[in-house]
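Undergrad: Here are the chains, one letter per residue:
Protein chains: 2
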Amino acid sequence: MAKKRSQSVPRKPRTDAQRNRERILEVAKEAFTRFGADASLDDMARQAGVGAGTLYRHFPTRDTLIEAVYRGEVEKIAAAQRKFAATLPPVEALRAWMLLFVDHIAAKQIIAPALNSVVGGPSKLYEGSRVLIQGAIDALVKRAIKSGDIRKDLDPFDLLRALIGASYTASAPGWQQSARRLVDILITGSRPRK
Amino acid sequence: MAKKRSQSVPRKPRTDAQRNRERILEVAKEAFTRFGADASLDDMARQAGVGAGTLYRHFPTRDTLIEAVYRGEVEKIAAAQRKFAATLPPVEALRAWMLLFVDHIAAKQIIAPALNSVVGGPSKLYEGSRVLIQGAIDALVKRAIKSGDIRKDLDPFDLLRALIGASYTASAPGWQQSARRLVDILITGSRPRK
DNA sequence: AGATAATCGGAGGCTGTCTCCGGTTGCAGG
DNA sequence: CCTGCAACCGGAGACAGCCTCCGATTATCT
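Keeping their order, the protein sequence lines are chains A and B.
Each residue of the first sequence is one higher than the last, beginning at 1 in the working numbering.
Each residue of the second sequence is one higher than the last, beginning at 1 in the working numbering.
Derived by calculation from the structure, the hints in this document are not laboratory data.
Please note that the accuracy of each hint is not assured.
Note: identical chains are not told apart, hence a pair may lie in one copy or across any two.
[Said to hold, decoys possible] In the DMTMM-like style, the derived pairs of lysine to aspartate or glutamate whose C-alpha atoms are separated by at most 25 Å in a straight line are: (1) K12 / D38; (2) K83 / D63; (3) K152 / D184; (4) K142 / D184.
Predicted model only: the values in this text are computed from it and were never measured.
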């Protein structure tokens, strides 16, 4: 009775499948940032040297592919929260994180559309990412509230919504300064009424 | 030599053309709000009882159609600015207008994508609307600055960007309260540093 | 009414999405 | 090693939406 994989253990994926999956992800990342969220999937398949069927088996819908591509990005943002919280005073941590958020989002145009669901749209696809992002800003806001720098009744979501707006318009010239100013306004507006 | 329309005067449009144009606009408004910005144009043509060719002659691209549909909405928003400015104190006028903006935008999902260009995206298609919206918020902000309720160095665009974010996420439950809170935060954050 | 110019609308080319399935290839167990 | 099975591969093709083209139709002017 050494090994028996009758049905429970799904068997480890074949190496070629794994390789293909990664090639597709690579190509997709490139394609999405170049052509936006509606780049041709068939093209990506061709460019990754696989058939369309393979692509669609790995990523049944466009959304699953997008999600897979930008999951890494989301994890970076979540990780940054921990770093900022550990090294900066509450308000500065929040500010730094908000700026980073806008930066990263803006860099990858893909994400913006997907974020709709992050903040509560109908699709349940991005649930995992939603949890990460929300957890990050929740922690930062909670900390800033505790230190008395932020109004007690602030809903972190409100800030998130505004940030998404900023990222949507990130193509416009001078958006970086604008984003910085917007973050300032938001933080100022979130301080306790004196 | 009574009338001569050799080439200059373009001749008034045929009544059937006019009628078709309006039917298309009606159907398009409905379709866009129901299915979002990428509803099928061929479907609209069918539903309006015209051929695809007719639709595309009236509105060469999807964007021109969108613009035509939401132009009315934009004009309403611009008009409201004048009303508010005439009847409310500066800050309240600004607040009221911002809320109205989010409301109207949210009602028509179509607009959000189009607004990218309003705030300065690459497309020149929505130039007219951009001018209207920008003029409105400029006037309100300028007035509130003059009355000393708003920081002198505030860029109206910054507010606009945040509002667009709010409208993007307007499908989420409770977005109306969220929008209201966000507007409050923005206004508070825009007051002069004491 | 007749000429003229604009409009109508559907057929059809094109492109992209997604499915289906025969052929192929890696992965155990003998 | 080698054999069988399960999983994977990939391209053909059905389908849908976008947009164009052009013969037939209809309004407008003289």
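Undergrad: Decide, hint by hint, whether the structure agrees.
TA: Here is how each hint holds up against the structure:
1. Taking the closest pair of Cα atoms, K12 and D38 never come within 25 Å of each other, the shortest separation being 32 Å inside a single copy and 40 Å across copies.
2. With identical chains, the CA atoms of K83 and D63 are never at most 25 Å apart, being 30 Å at best within one copy and 44 Å at best between copies.
3. For a Cα distance limit of 25 Å, the shortest separation of K152 from D184 qualifies both inside one copy, at 18 Å, and across copies, at 15 Å.
4. For a Cα distance limit of 25 Å, the shortest separation of K142 from D184 qualifies both inside one copy, at 18 Å, and across copies, at 20 Å.
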